[in-house]
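Chains as they are written, first to last, in full-length UniProt numbering: chain S, 21 to 336; chain L, 21 to 336.
Keep in mind that the hints are not guaranteed to be accurate.
Copies of the same chain look alike in the list, so a pair counts if it works inside one copy or between any two.
[To be verified] With a straight-line cut-off of 25 Å between C-alpha atoms, the simulated SDA-like cross-links for lysine to any residue are:
#1 Lys-292 x Pro-87
#2 Lys-292 x Gly-82
#3 Lys-292 x Val-201
#4 Lys-110 x Gly-185
#5 Lys-289 x Ala-25
#6 Lys-110 x Gly-41
#7 Lys-197 x Trp-52
#8 Lys-289 x Gly-182
#9 Lys-289 x Asp-117
#10 Lys-110 x Glu-65
#11 Lys-110 x Glu-330
#12 Lys-197 x Arg-99
#13 Lys-292 x Glu-186
#14 Lys-110 x Pro-39
#15 Lys-289 x Ala-128
FYI, nobody ran anything at the bench for these hints, they're computed from the structure. Everything numeric in this text was worked out from a predicted model, so none of it was measured.
Chain residues, written in single-letter form:
Number of protein chains: 2
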Amino acid sequence: TDAAAVAAAQARNGQLTKPPGALGRLEELAIWYAGWRGDARPRLEHPQVIVFAGNHGVAARGVSAFPAEVTVQMVANFRAGGAAINQLAKAFGATMDVLALELDRPTADFTQTAAMTEAEVISALAAGWLAVDAAADLLVVGEMGIGNTTPAAAIACALFGGTPGEWTGRGTGVDDKGLSVKTQVVAEGLVTNPDREPLEVLRCLGGREIAAMAGAIARAHHARIPVILDGFICTAAAAVLAQAAEGALDHCIAGHASAEAAHRALLSKLGKQPLLELGLRLGEGSGAALAIGVLKGAVACHSGMATFAEAGVSDA
Amino acid sequence: TDAAAVAAAQARNGQLTKPPGALGRLEELAIWYAGWRGDARPRLEHPQVIVFAGNHGVAARGVSAFPAEVTVQMVANFRAGGAAINQLAKAFGATMDVLALELDRPTADFTQTAAMTEAEVISALAAGWLAVDAAADLLVVGEMGIGNTTPAAAIACALFGGTPGEWTGRGTGVDDKGLSVKTQVVAEGLVTNPDREPLEVLRCLGGREIAAMAGAIARAHHARIPVILDGFICTAAAAVLAQAAEGALDHCIAGHASAEAAHRALLSKLGKQPLLELGLRLGEGSGAALAIGVLKGAVACHSGMATFAEAGVSDA
């Protein structure tokens, strides 16, 4: 972040025609955004949404309410413009890219072996890195991958400890039996893959779309593009970066707290307070896309409002 | 609300390409909006923001951190496009109207007598009623009036009971002494004006911009235009209607919970759960305008998404 831009944005914020602090979190958001863009009076005009899709070996274990074929079907739906994320991207003026990552080659079942080889995880990280548009001024990464709350729970548990049951939830809607299977699958995966180094956790317990999100978030940091994090799976991808390097998520805010039980706990581990809490549990980047509106509002106020002097308004 | 449109919207919601309930509150919002618009697949394209301004006799008692002259100065700022609400209205595609209600003639100090005569309150209600654009498909009403959290607290206390201290807060930022004065002023006003009939409460303890908001919200109900409520003052205006007639706020949702201490309690009395909670305490309609984005996202998903059949996606 750019300390001079932050200082100048703070000074500007103090002069705008409102009581001090009256815009609440919008003020912090605008100053944070100004810092990452290196501009005390920034604009937010070119958000990019990228949806990554991958398939998972563990899906065959019955961890999801939906069959694995839905991943490729939903990719077609994204491309045809019919999914929730298409509508939200359009509503908030974002471009949207869809990257399907070798859907016909699911990751390995991580209860048996590592989910990905080194070549596979590097390829997925690179796909994410390369998908970011350097001209974007905001990034949202989302995902589609039947079964992928299971690898996300395994990553969270490997990185932050606790029991598998604390990190597993109902995802798109598994019943009690499915939840029990899911928790068992996570427990087995953690035994099969004992390495706790963050990037090894990603390789052994993650998935291609999860690694791609991590790659895109890392690229955005490098390019000073602010990121809005989405739900549990996106946050698990981000958590790998946070545990690998201090400050790796300073350019990220939490768009929402999802209905997936462990999401709030994971955000709390990362020190991120969600902007929205509306019970979403869809993935695709949907909660983060919805939060684009809040950030746009914050930046619009900060950069567009008159100062007390400009407006001839008496200060308190 | 239109029961047939609600039923058709619920049926459509169940067929959209997402797990059941995965869009959380966005689903309820879209169905509620469809009901009020009488259209199972509505659009939200013409939101109207109206900011009403008024001055208050009680301002002379030192209940605000700002001098009363700021009301007229801020009206000029709204008209010049320099306030927060201007930026938010623009960001969410809303038209914005500003109505200054006899600013050179403050209401009477309600610790001494009724704030308004019958003719005055009727005139303000009518101004609000007439300000609503019948072609709007969403309404946000906001306010500006130095000192107006004091009448709002008095109205809330008169309608719902409790002590004046439970309903008073720091507004734009009064100190401990100011807060103590404010609480005392509310207590005196409640003694001076003992009638608890809702419209009499509005006349005796309210203000012109508060009455105008009530008039606009009532007109929107009549015209089947959904309303997003803003902060404490707007909600106090709405509460008058709720206590006067059952169901009077069925066309309203709470845009946000503000930082003003009693706002959440007031929303709770009305059975309204806020969409956002971002620490705003500005008024002007700012929190409600920010929530336009959430509602737009909800309606965009509902009306724009493909069904499972259309997209060829396997249902759970």
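Structure-based check of each hint:
Within a single copy, Lys-292 and Pro-87 get their C-alpha atoms no closer than 33 Å, and across copies no closer than 38 Å, so neither meets the 25 Å cut-off. In this assembly of identical chains, Lys-292 and Gly-82 lie within 25 Å of each other by CA distance neither inside one copy nor across copies; the values are 32 Å within and 39 Å between. Taking the shortest Cα distances, Lys-292 and Val-201 never come within 25 Å of each other, neither inside one copy (30 Å) nor across copies (39 Å). Proximity of Lys-110 to Gly-185 under the C-alpha cut-off of 25 Å is found in neither arrangement, the shortest distances being 37 Å within a copy and 46 Å between copies.
For the identical chains of this complex, Lys-289 and Ala-25 are neighbours neither inside a copy (28 Å) nor across copies (44 Å), given an alpha-carbon limit of 25 Å. Within a single copy, Lys-110 and Gly-41 get their C-alpha atoms only as close as 31 Å, which misses the 25 Å cut-off; across copies the closest is 22 Å, which meets it. With identical chains, the CA atoms of Lys-197 and Trp-52 are never at most 25 Å apart, being 44 Å at best within one copy and 34 Å at best between copies. For the homomeric pair Lys-289 and Gly-182, the shortest alpha-carbon distance inside one copy (12 Å) is at most 25 Å, but the shortest distance between copies (40 Å) is not.
In this assembly of identical chains, the alpha carbons of Lys-289 and Asp-117 never lie at most 25 Å apart, being 30 Å within a copy and 45 Å across copies at closest. Both within a single protomer and between protomers do Lys-110 and Glu-65 lie at most 25 Å apart by alpha-carbon distance, with minima of 13 Å and 14 Å respectively. For a Cα distance limit of 25 Å, the shortest separation of Lys-110 from Glu-330 across copies, 20 Å, qualifies, whereas the shortest one inside one copy, 35 Å, does not. In this assembly of identical chains, the alpha carbons of Lys-197 and Arg-99 never lie at most 25 Å apart, being 34 Å within a copy and 61 Å across copies at closest.
For the homomeric pair Lys-292 and Glu-186, the shortest alpha-carbon distance inside one copy (19 Å) is at most 25 Å, but the shortest distance between copies (32 Å) is not. With identical chains, the CA atoms of Lys-110 and Pro-39 are at most 25 Å apart between copies only, with a shortest distance of 21 Å across copies and 34 Å within one. In this homomeric assembly, Lys-289 and Ala-128 never come within 25 Å of each other (Cα to Cα): the closest approach is 28 Å inside a single copy and 54 Å across copies.
Hint compliance for this structure: hints 1, 2, 3, 4, 5, 7, 9, 12 and 15 are broken, all remaining hints hold.
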